[in-house]
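S.K.: Just so you know, the sequences run in chain order U and H. Counting along the first sequence from 1, when you hit position 67 you're at 67 in our numbering, and nothing is skipped either side. Counting along the second sequence from 1, when you hit position 140 you're at 140 in our numbering, and nothing is skipped either side.
Treat the hints as calculated values from the structure; they're not laboratory data. The structure displayed is predicted, hence computed values, not measured ones. Glycine residues also receive a C-beta, built at the ideal position from the N, C-alpha and C atoms. There's no promise every hint is true.
Cross-link-like lysine-lysine pairs, in silico, PhoX-like; alpha carbons within 20 Å at most [as the list claims (entries may be wrong)]: (1) H:Lys75 x U:Lys75; (2) U:Lys168 x U:Lys148; (3) H:Lys47 x H:Lys75; (4) H:Lys168 x U:Lys47; (5) U:Lys47 x H:Lys75.
If we take Cβ atoms under 8 Å as the criterion, some of the chain H residues that face chain U in the derived model are [unchecked claim]: (6) Tyr118; (7) Arg204; (8) Glu208.
Number of protein chains: 2
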Amino acid sequence: MKKSNLESAPKRVARIKPAARAMAPDERYDANVDHILSSAAAVFAEKSFGLASIRDIATRARISFPRIYYYLRNKEELLYLISRRAFEQLVSLAESRISSNNDPEERLRLFIRSHLEYHMSNLAEMKVLVREADSLTGRYAADITRLKREYSRICRRLLEGYAAHRNKTLDREQTRILTSLLFGAMNWFYTWYEPARDYEQRSRIMDECFRMIAGALSAR
Amino acid sequence: MKKSNLESAPKRVARIKPAARAMAPDERYDANVDHILSSAAAVFAEKSFGLASIRDIATRARISFPRIYYYLRNKEELLYLISRRAFEQLVSLAESRISSNNDPEERLRLFIRSHLEYHMSNLAEMKVLVREADSLTGRYAADITRLKREYSRICRRLLEGYAAHRNKTLDREQTRILTSLLFGAMNWFYTWYEPARDYEQRSRIMDECFRMIAGALSAR
DNA sequence: GTGTTATCTGAACTATCGTTCAGAACAAGA
DNA sequence: TCTTGTTCTGAACGATAGTTCAGATAACAC
């Protein structure tokens, strides 16, 4: 049985940890892919995609390097799957959070919290997502671009909703600019966040971020 | 005569374009280094540091690849000098802009304008600066970190000055967080700026950016 | 047990990388 | 023209990259 991750998902048996004994075959296969992907994310985050080697990733994952090719097609697919997973998780996390509330202000705030919380607990993945945004090519790139646009649209809608709620009118350009500025502010996060120092500031950070984008609507 | 770019600057003769005939030897040497560095910046911006090869850079610069080693020590030094130049230019541009004004609000606005204008006219360099921030090692890395801190401190000071001017008190944490959010918003710029589409929006973008950070101080 | 299929790995292949170097080409002063 | 030092390049180096594959090993059905 072989891998083909762009279209469908194959399933088979393996084990990376002896502990993972009691799993069903499919679960183990998925767990192995997971383990490889998170190791790859860590290595890509540390050395960047271009400077990281398959052998580095295998070492970090504590497996032999040809084993990676049993589960994944090639190096680019590693990056693709890391990115896809991250975006899918971001989208579904955001959607589940904002669905619980109807107040436009609260919805925007929840989106920011959702994005930053995911960022804080998935620093390696986010670093990869942000830095390697255009290291993918062809269908891989197209696929990720689509997801990114989807995610971005959620944010833009929330911003529009919040503006309307405050009786401010934003034209297309303003909405686009403000959305980009907000994503910039949030995506820069991994460059300065140090868990040991900043963990207790988490909600303050999220508040400041909301306050900032909210404030951008004040003076008009 | 040889190169040594961490400490002092060497000088000698060469010519990359026949046009650059009338230059003095030192000027030509510097012009050649410049030409190599800006070609390297373009290639690093396009393919990332890790994926770009010396041969790619030489091709882009239309020179033979060993020639790069006549002027520069190694690949890392290319990245180092690109980064150092960019930061030095950013610092001196910002300083010359804000020195012309004493109003705290205008000074902050001028800093933002300065940063974004530089960004807009040096997209490749900024992309490299932002993405390859930690691809340097040892003294190279230490040197750039120092410059970055210096530049960042300028911004922080301006933010503090502006807050004081509006009778808001910011504690250390808030200042740090807001500075980081502002830099994030600005440094994300290269990911969405398309000259053909956005050139006319330049000052609007800078205004929105200022309004955003100014607005962050409003609601307290 | 045997057979079958899924899983894994050592070894090897080719390409390309960063870097070096011996010497060619060139410029300039004598 | 000859000399001297600077500038440039073709060719080559060792290292390491991504990837493949034949065969070893393990898992399971019978």
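S.K.: Assess, step by step, whether the Cα of Lys75 (chain H) is no farther than 20 Å from the Cα of Lys75 (chain U), and give holds or violated.
M.R.: It is violated: about 23 Å lies between the C-alpha atoms, which goes past 20 Å.
S.K.: Assess, step by step, whether the Cα of Lys47 (chain U) is no farther than 20 Å from the Cα of Lys75 (chain H), and give holds or violated.
M.R.: The hint holds at about 16 Å.
S.K.: Have a go at the Tyr118 (chain H) hint: is there a Cβ in chain U nearer than 8 Å to its own Cβ?
M.R.: This interface hint is violated because 16 Å lies over the 8 Å limit.
S.K.: Restraint: Arg204 (chain H) near chain U, CB-CB cut 8 Å. Satisfied or not?
M.R.: OK, holds: Arg204 (chain H) within 8 Å of chain U, min 7 Å.
S.K.: Quickly compare the C-alpha distance for Lys168 (chain H) and Lys47 (chain U) to 20 Å and report which way the hint goes.
M.R.: violated (41 Å)
S.K.: Hint check: Lys47 (chain H) vs Lys75 (chain H), CA-CA at most 20 Å. Holds or violated?
M.R.: Roughly 14 Å separates the two Cα atoms, so the pair holds.
S.K.: Against the 20 Å threshold, does the CA-CA distance of Lys168 (chain U) and Lys148 (chain U) hold or violate the hint?
M.R.: Distance ~27 Å between Lys168 (chain U) and Lys148 (chain U) Cα, so the pair is violated.
S.K.: Interface hint check: Glu208 (chain H), Cβ to nearest Cβ on chain U, cutoff 8 Å. Holds or violated?
M.R.: holds (5 Å)
When held up to the earlier numbered hints, the structure conflicts with 1, 2, 4 and 6 and fits the remainder.
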